[in-house]
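Trainee: For reference, the chains in residue letters:
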Amino acid sequence: MLNTFTRLENFGHSLDAPAYVVQPRNGVDVYSVFKKAKRLGLTVTARGAGRSYNDAALNGGGIVLDMTAMNQILEWNPESGVVRCEPGVTLEQLWQRVEPDGWWPPVVSGTMRTTLGGCLAANIHGKNNFKMGVIGEHVVEFAAVLPTGAEITCSPKKNADLFYAMIGGYGMLGVFTSVTMQMKRVYSGLLSVDAYPAPNLSRHLSALEDGAPNHDYIVGWLDTFASGAALGRGQIHAARYLREGEDPNPQETLKLKNQILPPMIFGVFPKSILYQFMKPFANNLGWRMVNLAKYVASLPKHTFRQPHAAFHFLLDYVPNWELSYGRGGLIQYQSFLPKESAEAAWTEILRFSQKRNMPSYLGVTKRHRPDNFLLTHAVDGFSLALDFKVREATRPRMAGMLREFDEIVLEHGGRFYFAKNGETTAQTAQAFYGEETVKRFKKLKKRCDPNGLLESNLYRRIFEG
Amino acid sequence: MNHLSEIKPATPLNPRRRAIIVGASVGMGAALAKKLTQEGYVAALVARQADKLNALCAEINAAAGETRALAYPHDVTHYDDVPNLLRKIVADLGGLDAFVLMAGINFPPGGIDSYNFDHDRQMAEVNYIGAMAWLNPVAEMFQAARRGQIVGVGSVAGDRGRIANLGYNASKAALATYLEALRNRLTRFGVNVLTVKPGFVQTDMLKAAAGPTPFAIPPEKAADDIYRAMRRRKQTLYTPFFWRYIMLVIQHIPSFIFRRLSI
Numbered sequence: 323m324l325n326t327f328t329r330l331e332n333f334g335h336s337l338d339a340p341a342y343v344v345q346p347r348n349g350v351d352v353y354s355v356f357k358k359a360k361r362l363g364l365t366v367t368a369r370g371a372g373r374s375y376n377d378a379a380l381n382g383g384g385i386v387l388d389m390t391a392m393n394q395i396l397e398w399n400p401e402s403g404v405v406r407c408e409p410g411v412t413l414e415q416l417w418q419r420v421e422p423d424g425w426w427p428p429v430v431s432g433t434m435r436t437t438l439g440g441c442l443a444a445n446i447h448g449k450n451n452f453k454m455g456v457i458g459e460h461v462v463e464f465a466a467v468l469p470t471g472a473e474i475t476c477s478p479k480k481n482a483d484l485f486y487a488m489i490g491g492y493g494m495l496g497v498f499t500s501v502t503m504q505m506k507r508v509y510s511g512l513l514s515v516d517a518y519p520a521p522n523l524s525r526h527l528s529a530l531e532d533g534a535p536n537h538d539y540i541v542g543w544l545d546t547f548a549s550g551a552a553l554g555r556g557q558i559h560a561a562r563y564l565r566e567g568e569d570p571n572p573q574e575t576l577k578l579k580n581q582i583l584p585p586m587i588f589g590v591f592p593k594s595i596l597y598q599f600m601k602p603f604a605n606n607l608g609w610r611m612v613n614l615a616k617y618v619a620s621l622p623k624h625t626f627r628q629p630h631a632a633f634h635f636l637l638d639y640v641p642n643w644e645l646s647y648g649r650g651g652l653i654q655y656q657s658f659l660p661k662e663s664a665e666a667a668w669t670e671i672l673r674f675s676q677k678r679n680m681p682s683y684l685g686v687t688k689r690h691r692p693d694n695f696l697l698t699h700a701v702d703g704f705s706l707a708l709d710f711k712v713r714e715a716t717r718p719r720m721a722g723m724l725r726e727f728d729e730i731v732l733e734h735g736g737r738f739y740f741a742k743n744g745e746t747t748a749q750t751a752q753a754f755y756g757e758e759t760v761k762r763f764k765k766l767k768k769r770c771d772p773n774g775l776l777e778s779n780l781y782r783r784i785f786e787g
Numbered sequence: 008m009n010h011l012s013e014i015k016p017a018t019p020l021n022p023r024r025r026a027i028i029v030g031a032s033v034g035m036g037a038a039l040a041k042k043l044t045q046e047g048y049v050a051a052l053v054a055r056q057a058d059k060l061n062a063l064c065a066e067i068n069a070a071a072g073e074t075r076a077l078a079y080p081h082d083v084t085h086y087d088d089v090p091n092l093l094r095k096i097v098a099d100l101g102g103l104d105a106f107v108l109m110a111g112i113n114f115p116p117g118g119i120d121s122y123n124f125d126h127d128r129q130m131a132e133v134n135y136i137g138a139m140a141w142l143n144p145v146a147e148m149f150q151a152a153r154r155g156q157i158v159g160v161g162s163v164a165g166d167r168g169r170i171a172n173l174g175y176n177a178s179k180a181a182l183a184t185y186l187e188a189l190r191n192r193l194t195r196f197g198v199n200v201l202t203v204k205p206g207f208v209q210t211d212m213l214k215a216a217a218g219p220t221p222f223a224i225p226p227e228k229a230a231d232d233i234y235r236a237m238r239r240r241k242q243t244l245y246t247p248f249f250w251r252y253i254m255l256v257i258q259h260i261p262s263f264i265f266r267r268l269s270i
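As you go down the protein sequences, you meet chains L and F in turn.
Sequential numbering of the first sequence, starting at 323, is according to my numbering.
Sequential numbering of the second sequence, starting at 8, is according to my numbering.
Here chain L stands alone, though its shape is the one from the complex (with noise of 0.2 angstroms):
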């Protein structure tokens, strides 16, 4: 079982580590990896969709369990919304059976190909995470396997010190065998989505913060080239489900063939090969061309109507779009500020980024509210997420400055997101989480895993560097 090696790469394909790689069936598989890992000393990992952008599913050296053999969906009531799934289920698996019922996952990540199980233990959070918080908070309970070899049920009333850890808690707890969610009902596969523009970046945060309780969804694009009284523009969609009797044919909108992402542009151009036409753009001047065209077309006002998938998968619409930043990968670094400060933060971000000539290429904007979470990211607030290409040549360069962003985001009271940022250092990740929530989580983690068999790169990096 551990005689070989596979190589496994972050989302970004930025970092890669090598593995033993096991598929398990069950929590009794889960339990004799557990067992093995300790006779040889080696640690384990879980990984879904391996969707993360950087190292919170790569244990390198040690055993990674890959967990997408375990995706069976199994129970779905219709009528009251709840379904159990094994955590290998994805979210592409989950909204194709319970949409054409009319309901929809109340939470849901821009790619759909994101495991259930990698959702709670990163506890994503949506475009609407000011309104409906973080995946967690629609799990009903989950079952979980623990490196002493415990099989336990949480929920927020049982074993509720480890449901509010081991979500969000990036499986250094224990493992997923099964989850329990509650599901949103819809009256319509269809949203209706504002777009409309924002001129800079302080009317960038008040459109997403009174755009918000008009709206179930809220993002906005922001323009990482714009400069001067422009720094921060951007666009903003805003959108809400239909009403009930809105959508004069739901049965239509709601089925499957009305949402799946079409695979053709125009109908004749595979998708799957647009990425290779993006490479050509993959650099400072190409990107920034792109930012002004889009910001130019963002400019009228307009409503309209968008399939659920549509709206929510942007990451899936155009295949491998990862690919297209070339050999060095890219990283996303996204940080978490609260309302009041967000302004002042982002503003010496992106300066900064401007001035060293290391601008972002894309650039996301998000409006959060706080949950209780033990590691929570999440703050009343908003969040920018903004994606970089790694290059040989200016990587010690790109490092040092994504460190004063973690200074300045700190200073501002912010936080981070570790599905996210993959720099953090661990005096960095203290810091915001405070000691006494550290103390906490470590405290669980002994209790759970006495022999420190989970560990993760991420682990290594955020806990123990």
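Hint data in this document are derived by calculation from the structure and do not stem from the laboratory.
Computed from a prediction, not measured in an experiment: that's the story for all the values here.
A short, non-exhaustive set of chain F residues, derived as facing chain L with CB atoms under 7 angstroms:
{"no.": "1", "residue": "16"}
{"no.": "2", "residue": "19"}
{"no.": "3", "residue": "20"}
{"no.": "4", "residue": "97"}
{"no.": "5", "residue": "98"}
{"no.": "6", "residue": "151"}
{"no.": "7", "residue": "152"}
{"no.": "8", "residue": "154"}
In silico DSS-like links for lysine-lysine, alpha-carbon gap of 30 angstroms or less:
{"no.": "9", "chain 1": "L", "residue 1": "765", "chain 2": "F", "residue 2": "15"}
{"no.": "10", "chain 1": "L", "residue 1": "593", "chain 2": "L", "residue 2": "623"}
{"no.": "11", "chain 1": "L", "residue 1": "579", "chain 2": "L", "residue 2": "623"}
{"no.": "12", "chain 1": "L", "residue 1": "768", "chain 2": "F", "residue 2": "95"}
{"no.": "13", "chain 1": "F", "residue 1": "59", "chain 2": "F", "residue 2": "214"}
{"no.": "14", "chain 1": "L", "residue 1": "764", "chain 2": "F", "residue 2": "95"}
{"no.": "15", "chain 1": "L", "residue 1": "360", "chain 2": "L", "residue 2": "765"}
{"no.": "16", "chain 1": "L", "residue 1": "764", "chain 2": "F", "residue 2": "15"}
{"no.": "17", "chain 1": "F", "residue 1": "95", "chain 2": "L", "residue 2": "357"}
{"no.": "18", "chain 1": "F", "residue 1": "241", "chain 2": "F", "residue 2": "228"}
{"no.": "19", "chain 1": "L", "residue 1": "761", "chain 2": "L", "residue 2": "358"}
{"no.": "20", "chain 1": "L", "residue 1": "357", "chain 2": "L", "residue 2": "764"}
{"no.": "21", "chain 1": "L", "residue 1": "768", "chain 2": "L", "residue 2": "479"}
{"no.": "22", "chain 1": "F", "residue 1": "15", "chain 2": "L", "residue 2": "768"}
{"no.": "23", "chain 1": "L", "residue 1": "358", "chain 2": "F", "residue 2": "15"}
{"no.": "24", "chain 1": "L", "residue 1": "479", "chain 2": "L", "residue 2": "761"}
{"no.": "25", "chain 1": "F", "residue 1": "15", "chain 2": "L", "residue 2": "357"}
{"no.": "26", "chain 1": "L", "residue 1": "761", "chain 2": "F", "residue 2": "15"}
{"no.": "27", "chain 1": "L", "residue 1": "623", "chain 2": "L", "residue 2": "661"}
{"no.": "28", "chain 1": "L", "residue 1": "358", "chain 2": "L", "residue 2": "765"}
{"no.": "29", "chain 1": "F", "residue 1": "95", "chain 2": "L", "residue 2": "765"}
{"no.": "30", "chain 1": "L", "residue 1": "768", "chain 2": "L", "residue 2": "358"}
{"no.": "31", "chain 1": "L", "residue 1": "358", "chain 2": "F", "residue 2": "95"}
{"no.": "32", "chain 1": "L", "residue 1": "761", "chain 2": "L", "residue 2": "360"}
{"no.": "33", "chain 1": "F", "residue 1": "15", "chain 2": "L", "residue 2": "360"}
{"no.": "34", "chain 1": "L", "residue 1": "767", "chain 2": "F", "residue 2": "15"}
{"no.": "35", "chain 1": "F", "residue 1": "15", "chain 2": "F", "residue 2": "95"}
{"no.": "36", "chain 1": "F", "residue 1": "15", "chain 2": "F", "residue 2": "59"}
{"no.": "37", "chain 1": "F", "residue 1": "95", "chain 2": "L", "residue 2": "360"}
{"no.": "38", "chain 1": "L", "residue 1": "767", "chain 2": "F", "residue 2": "95"}
{"no.": "39", "chain 1": "L", "residue 1": "357", "chain 2": "L", "residue 2": "768"}
Glycine included, C-beta positions come from ideal geometry on N, C-alpha and C.
Starting from the known structure of chain L, arrange chain F on it as the hints suggest.
Mentor: This is chain F only, laid out in the frame that chain L set:
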């Protein structure tokens, strides 16, 4: 629970290539250990003598201001220990990008009348069988990962059988052929195999040599050459470079002449 707590973890902007050097405590191995760690590698140093190894690691880590070298005492003729040790090292390093096989022994050649099976056997056991004990599992790992670099240090002495040191010539020739076979197998999996053939290098091994040792270079020079060849993913490296031409001539001396010569 392992050395990793000492080593800063790899990140996209600080990827930290990882190497194993077998035969790292003295001479060319030690020089290459210093070179690779200066270039940002994290290196696992494997050799018999624990005290020398620890001193070298301490020196490297003090110079770098952080942990870049880890010591693993091991005798390459303890073949059965290799798989477990390799697994442990790779877990400690968090992966592996390059494997350097430097371990080798040579006995001062006797005269034309001297035959010493014991010496020949030891050279075969270290230089060739010990090499295979490491190269096999490393190659298997790199092949599965479809990435990696193997560096094997042979010798110009393996290019032609000469009268002075039968067992040494044969062990280095065997290693070179093994590396060539490995290269032919692994290139298709994206793995680079570099065979290094040093001429005379000013090491302890050279001090033991009888007879002339022309053009001897310091081990640091050899290490620089090896690092450059690794970066360029070369197939064969003679160091210093002119040995390639010397050996080209020597290899083409017809046997009816060569067997009458005293080289």
